[in-house]
Amino acid sequence: QQQQQQQQRRHYEELAHKSGFSTEQIKNLHKRFRQLSGNKETISRANLDSIPALANNPIKKQIIDAFFDKRNQRQDDEVGSLEEIGLEQFLMVMSHFRPPAHKSGEEERQAARRQKLRFLFNMHDTDGDGIITLVEYRKELLSKSGAIGHQAAKAIADAAMLEVASTNAPHMAPDDFYEGITFEHFQQILKGLEMESRMHIRFLDVDTTTMRCGKATS
Amino acid sequence: MSPRRGFRHPGSFGSSLPERGLLLLVLIVLLQGSLLPFGAASSPDVGHRDEADVHAEAEEKHNFTKKPFPVLSFEYKHIQVPFEISLWVLLASLMKLGFHLIPRLPGIVPESCLLILVGLLVGGLIKLAGQKVPPVLDSNLFFFCLLPPIILDAGYFLPIRPFMENLGTILMFAVVGTLWNAFFIGGLLYAVCQIQPNNPSDLHSLELLPCLLFGSIISAVDPVAVLAVFEEIHINELLHILVFGESLLNDAVTVVLYHLFEEYSGVGSVTVIDGVLGVISFFVVALGGVLVGAIYGILAAFTSRFTSHTRVIEPLFVFVYSYMAYLSAEMFHLSGIMALIACGAVMRPYVEANISHKSHTTIKYFLKMWSSVSETLIFIFLGVATVDGQHNWNWTFVTVTVVLCLVARVIGVVGLTYVINKFRIVKLTTKDQFIVAYGGLRGAIAFSLGFLLDKRHFPLRNMFLTAIIIVIFFTVFVQGMTIKPLVDLLAVKKKQEAKRSINEEIHTQFLDHLLTGIEDICGHYGHHHWKDKLNRFNKKYVKKCLIAGERSKEPQLIAFYHKLEMKHAIELVESGGGAKLSSAIPSTVSMQNIQPKKPAPAKPEDRVLPKLSKSREEEIRKILRSNLQKTRQRLRSYNRHTLLADPYEDNFGEFLLKKQKMMALDKKIQDMNNYLTVPAAPPDSPTLCRARLASDPQAYSMKPALDSVPTIQVDLASPQSPDSVNILDEFQRSEQAAAAEEGEDDGGLMMKAPTRPHERCNAGEMDAGTREKLSRCLSDPGPHAEDEDEDEPFLP
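Protein chains in written order, with the UniProt record's numbering: chain A, 1 to 218; chain B, 1 to 796.
In isolation and in its complexed conformation, chain B is listed as follows (with noise of 0.2 Å):
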């Protein structure tokens, strides 16, 4: 997941006027805020006026006595809504601004419990000013603006992989650990309460079942203050999919055990009937939210299939559609979340061979965007709300309430952790036990449903919430603050940042189908045979039907190489297309050093060039037509001017097909000959380092321009069987498919045969020459004409 924290300044406090200004800004903002309800105060008073206006105008207007026009006046009322929520917005994001340009704290403090704090503060001086403190963390502005863009973020970027492999931890954590906290502190606090014989107190009249409701409405862990926490710490990838996905997966049972003791709360009593329904609930619930949720990810996938002639608009189907799944999913009372959830990883897939990299984009930046918004608003409202609650404040629930959900929490985790590691091939060692118990906090989510309780049915609902905003403080600030220290100390794993290399990526599809084998061979029907089943059949007829046009047949592997291929294309753009890019080491190491049995060339000729998109290449055919001297000065500029052309794709087929035209215009430029007048570089120029460097790894594609080299040409529209490879058979059917194919443009099926040395007649060695020029003159000044001769072919 990128991090949403974006950049952290390192402490260049260099002027501090800036910083000045900024505080100064946030300031007066915060003046602005609170000094606003005044003006709300006293907008009654205007709207009386403007009434009256408005009626001593109509009477006036019988008498036609003339008023001065109103030049300027001030009206309130009708903007306030929308002009308090963007002074809230505005003040959230000037916040995390702020915490930013400070130097060492946002690696000493999280930025969840700073915003709080401002929270505090915001509150403090709304009160103070004497004004009522809006509802802001009012349930229906949480759980229908403020929470759904946190779990859409979290559900469309949630790494498929890692979350199936562990799927059963998480749920267990999830649905047994959950149950596991709402009982035991529920039940405990009730005994609690119970015994106090000699001074009774509140705590008597409290009954089981609320008990158990409050238990089950703290012992979830949120979702939005995990992931708060844990972006920070960067921990490894098993230990967040756990803990994350657990707070995700909760919800369910939540809603379940908070319907279920709230209908019943008010009767007094539940009898085995009800538990079992509700058991049946919970099935539903969750079940239902995920076919909700992944019935609208359908939809949307098969509406993205569309969009190839309104580009603009589709980021907004990924959007509404999400929201609209959250929405259904709400009305029936289903789970909310787990809806989002399956919504955005059921249409991620599809969506994103669907839309364009622009879209990809957008959405990209949307949900960051929005999800963080949200998150700082949610802290805040939480600080300011904590200010103007009406507190119950009752020691011996407060402390009970925190000791109970501590131990709860390393209790349920250690338990469950036996269990579970029975059935794990990767054991959760200790240290992965307590990052997970440590890292289970409470947050909004906690303090919305308390808010949600009727005062009348539960009488003592004002100290929930005061309990529940202790216990959110507690996790927040204690364990938030200190998990990042204990982390280093532990030691624990972190996050690796390796980039997926392709080597990884074929070996990881061979393990996969060398796994599937094997179990075939045992006639185990394991893991591996379901994922390889379900794979198939995603390929067969899903991908058919929710992906648009030719990518629908794109194995996964040829998708995987192109996006590393765009990815680099465009850090090469980005990066002017002289420094080096993403490979740590820097490499001399050519695709002639790897060609085998090739006796070694004087020159190096067959350097590879850095990928061109079509534009360049149109641009560079153009000038090449025009302009056939080429100098080393001119070379570079216009490599740097061609290379700012947008490398963006849109649409594999129509590169295929500009490349293929572009094969046709080579075909006509091979009867110019005398392009290069210049002599060939020095081994250290410049331009040659910068050759070799573009002909990275990662950026090695093909010439498009030679014959003489096979291009990548994805054969989508015939299937080559597996079975026939003879490099030699390859040779021949090539060049009888080259020759028949010489006037035909079919977008699919194309096959550049390199020429054989002994087969090379004159035209031919001239084609492979100028060829070989062309290409060479692009990226590096070779040698003269006459030294045409060692033309060796690419392939053996």
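This is chain A alone, in the form it adopts within the complex (with noise of 0.2 Å):
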């Protein structure tokens, strides 16, 4: 029982090391992934499918989608997706709503903004080329938000996909093809959102006092 314990303990600390969470945060979060995976050791789409309330959320695929990416575990470019994920997966995927820590210096803010926008990124890029392609953009704008007709989705896309391309590649001749937004581009069409700082949950801040995630049941 302690060597179970103490393993476990061992297992946690290396989880934190490597996704940054606290000892007592993946401890909530693995009694959470307990609780999705029906104590199994992995969970599937199908588990993460079942909550209700991420039924009413428009993106609810590509979140689901984002959890089994591998380019979400940053672990050197790998493509593809995964079937199940297990907890240190979980953890990965995570790790990127951590909110900045308070005494970051400036390029530790910066590589932060970078990974949280290379997540949203991925959920973009579907195809996992590297380049949101104007076909992606308008996908991905229908089915966010369910009222938008197809022609205003792709009005409006297409007036984004403009957008972008004329701040990041201002003097195309007529001829020229505007391929996509690359992850460059995505970075300075957001710069002004200060990503580190809005994309976070809270309860997931190490500095701050710290409430029990997990709390609720769904």
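Where hints are given, some of them may not hold.
Label pairs and their calculated CB-CB ranges [as the list claims (entries may be wrong)]:
(1) A:E83 to B:F537: 36 to 44 Å
(2) B:L287 to A:E194: 31 to 39 Å
(3) B:V276 to A:Q6: 50 to 58 Å
(4) B:L238 to A:A46: 38 to 46 Å
(5) B:R456 to A:A101: 58 to 66 Å
(6) B:Q390 to A:A101: 52 to 60 Å
(7) B:S308 to A:D129: 44 to 52 Å
(8) B:D512 to A:A46: 19 to 27 Å
(9) B:E237 to A:G128: 31 to 39 Å
Straight line, CA to CA, 25 Å or less: simulated DMTMM-like cross-link-like pairs of lysine to aspartate or glutamate [what the hints assert, rightly or not]:
(10) A:K191 to B:E504
(11) B:K368 to B:E231
(12) A:K60 to B:D512
(13) B:K531 to A:D65
(14) B:K455 to B:D274
(15) A:K191 to B:E505
(16) B:K494 to A:E194
(17) A:K191 to B:E165
(18) B:K494 to B:E232
(19) A:K61 to B:D532
(20) A:K139 to A:D49
(21) B:K431 to A:E108
(22) B:K531 to A:D49
(23) B:K422 to A:E106
(24) B:K431 to A:E106
(25) B:K427 to A:E107
(26) B:K422 to A:E107
(27) A:K139 to B:E505
(28) B:K495 to A:E107
(29) B:K495 to A:E194
(30) A:K139 to A:D129
(31) B:K494 to A:E108
Hints in this document: simulated from the structure, not taken from any laboratory.
Just so we're clear, the structure is a prediction, and the values are computed from it rather than from any experiment.
Note that CB positions come from ideal geometry on N, CA and C, so glycine has one too.
From these two lone chains plus the hints, build me the complex, please.
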């Protein structure tokens, strides 16, 4: 029993080191993980699909896909998707939502912002080629807010794409073709939003008084 | 918040003659103002004389003796009050004008300081003239006429998102901070007053409770002063909303403390029960005020739903409902300021969806105008009241008050930030804390509250007033003047004037959904979860009730997008259609650059048109129909003329309907096919450049005339299922739909299919061809009719 606990603690510490959470948070997240997976070792898409609160979310599919996307594991540019994820992968995805540490320097903040933007980028770039094309953008807009009609979504996607293109590649000849939004362009257009302080979940903050996650059964 | 200060003339002091003229005018007004009380003094005689005259006349009528008919008579009394009010308002406005004409002054000295000085001057003049200064800062006048416009302006244009995000912090500063200030200042003042056993002075008679009352009056940060100073320094949004929000929300605390201590000052002691009741009263005052405001806000929103036929009085509803909310809250001794803020903030999204564009502009400018005049008057009156007031100068009291105010503020802010930072993600740095502490200005509200004190209960009232005035002067002059250089010195982040782009909007919404989803996966009912729930409730129930017609179902993204389009269309009109608009980077990118997988056309074909309003389109149709021969000159000229047609929408539904009618019209036009005999313009021709420029990223909206291009038809009637994103399917479906809808003319569902290449029949080709020409001629005289073969569909 002791051995098991020690092993688990070491496991947590290892995970903490990799993902950046504290062991306390990992324990909470592990509890939630077990809840979602029905006490099994891995979570499949069906598990996440069955969360009732998620049913109203217009981008539910993309969120679930993001968990199973290999690119979000921050390991060597692997592409593709997994069928099931274990605790470690779960935590890696969650680590994208950590808020910036209080005393972080400029490079750390930039790195955190880059990481979060990369996560967002991967969510849009569904075919994994490193570029968000107009087709992908349109698709994503269509699904996002269900009440927008096809034409309106297309129009808005076109507008957005045009904006990106004109901001990042302003001097294109009439015959040039703008392939799509690369990651650099993506960073450029969203640099005003300060992702590192907006894209986070409150309770995952290490410094503040931690509120327990997983307290609501859903 | 749009700047209320208007523009600053950069010291173009070339002709001093108009400047001198203005100063002369100002002087005349001043003299008139100060001499009028002379007239007022003598008017009783006039009145008497009038009465005497009347009697005399009555008598005389009996005797029927004739008096010469008075050709010109002077009677001041019966117009006195409105005349004096108008004179004050005129004076205030002329002062404002004058400041901006003086070259470097507005940059160094904030307007509030200058206005107080002017007030001092005017008060001095009046006193010199030996007249009695009218009690201008009468509390009734202040609280019922001067304060509401400023607060309504602030509440209506309150940036909701940053306010809500920082609500916890703001409340902490407002409630706990003000309480701390009040008790600290009051308590220490009492202590200081008691220590002087050798020379017993007036101060000894000062009890604890009046001291606490004084503390509570002086401790509240004043929204008018904060607005006046902060608007000029353009500080970043977070700090602005913190200080400003605090100044608004501390009204509840001030009201409760004031009434509490005032009630019991007579008695002399406050028991625990009273304390508890005070706490309860605080909640009642605050929440009650918000509730009253919200109710009136909803009423206003509901009323605005029905105003589509009487657009002219729409702004009136906004103003009257808000004012009534304020008065109703004051009736119950609730916090009127919070009621106003709640009313403005609640009604705004719904009212703006319902009212016309002109009403929106009217509301905005009226609010800005009233609040600007109010603020000016308040500061001038402060100056006048200083000169006039019966002062009781007491060195100890005044200096201790000033020092304590500063110290209390600093300690309060630092202490609270320490606690708050434990709960905040984006922590407040030392620089932020300094600005928050330094920005705690006191203003006219404190003075008016002091003015309201009853002299019988508070024999030292005049001493209080003196001290309040000194504190106000200190904060407004010293802190107000030095905050700008300090902000620059400390390199505090300034406000970013970034334009909100459509990409940011899309991704912000995406992020909201994403974070809500992650919270759901973690099972944590956080921040985003509740916000999402509120939004869904709002969309499902509230919007249906309060927004008229089709706009109620409009998703936020579409509303934003339409607003953006509108803004750019208006800019396009105002700049005459030629100049480069808002993008900083001149861009030659147009729609075709981003269309995927199309073999590059030899010539620029699908040039995107600038946004066409319905009236413009009508005119263009008319002109085309009547005159098929277009020269470049003609193009340019009617471009300019038609651009001057009013692009201001009134109703998107109508707009779409009109577009549809145009579609029908196009079908008729398709038979004409000898439009253009103009040679293709060289690539650098001004027309082409203008077309390129006009096909700005923002002004790219779809050509309504083309069948080969999908138009923006907001599909409001039947929501599309989000999962069926399959472009091929869509083509098939849309073709069927287009086929089915040949004769229909309903408002909502409308889809235009691009023609597929291999299914193009001759008619279709002609269709697309002529349409292309149609579109092209509006921006750019394109190639000849023969080069029409490579007609690519717009979508793959």
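Outcome of the hint check:
1. A:E83 to B:F537: 36 to 44 Å: With Cβ atoms ~37 Å apart, the hint holds.
2. B:L287 to A:E194: 31 to 39 Å: Given range 31 to 39 Å: holds, Cβ gap about 33 Å.
3. B:V276 to A:Q6: 50 to 58 Å: 53 Å Cβ-Cβ, so the 50 to 58 Å window holds.
4. B:L238 to A:A46: 38 to 46 Å: Hint holds: Cβ distance 43 Å, inside 38 to 46 Å.
5. B:R456 to A:A101: 58 to 66 Å: For B:R456 and A:A101 the Cβ distance comes to about 60 Å; the hint holds.
6. B:Q390 to A:A101: 52 to 60 Å: Holds, at about 58 Å.
7. B:S308 to A:D129: 44 to 52 Å: holds (50 Å)
8. B:D512 to A:A46: 19 to 27 Å: Given a distance of about 26 Å, which is inside 19 to 27 Å, the answer is holds.
9. B:E237 to A:G128: 31 to 39 Å: At roughly 37 Å between Cβ atoms, A:G128 and B:E237 fall inside 31 to 39 Å, so the hint holds.
10. A:K191 to B:E504: holds (9 Å)
11. B:K368 to B:E231: holds (13 Å)
12. A:K60 to B:D512: holds (12 Å)
13. B:K531 to A:D65: holds (24 Å)
14. B:K455 to B:D274: Holds. B:K455 to B:D274 sits at ~24 Å (cutoff 25 Å).
15. A:K191 to B:E505: Roughly 13 Å separates the two Cα atoms, so the pair holds.
16. B:K494 to A:E194: Given pair B:K494, A:E194 holds - Cα atoms ~15 Å apart, limit 25 Å.
17. A:K191 to B:E165: holds (20 Å)
18. B:K494 to B:E232: Holds - the C-alpha atoms of B:E232 and B:K494 are around 11 Å apart, at most 25 Å.
19. A:K61 to B:D532: Holds, at roughly 18 Å.
20. A:K139 to A:D49: Given pair A:K139, A:D49 holds - Cα atoms ~20 Å apart, limit 25 Å.
21. B:K431 to A:E108: holds (21 Å)
22. B:K531 to A:D49: holds (22 Å)
23. B:K422 to A:E106: holds (21 Å)
24. B:K431 to A:E106: holds (17 Å)
25. B:K427 to A:E107: Roughly 18 Å between the alpha carbons, so the hint for B:K427 and A:E107 holds.
26. B:K422 to A:E107: holds (23 Å)
27. A:K139 to B:E505: holds (17 Å)
28. B:K495 to A:E107: holds (23 Å)
29. B:K495 to A:E194: holds (14 Å)
30. A:K139 to A:D129: holds (16 Å)
31. B:K494 to A:E108: Measuring from Cα to Cα gives roughly 23 Å; hence the hint holds.
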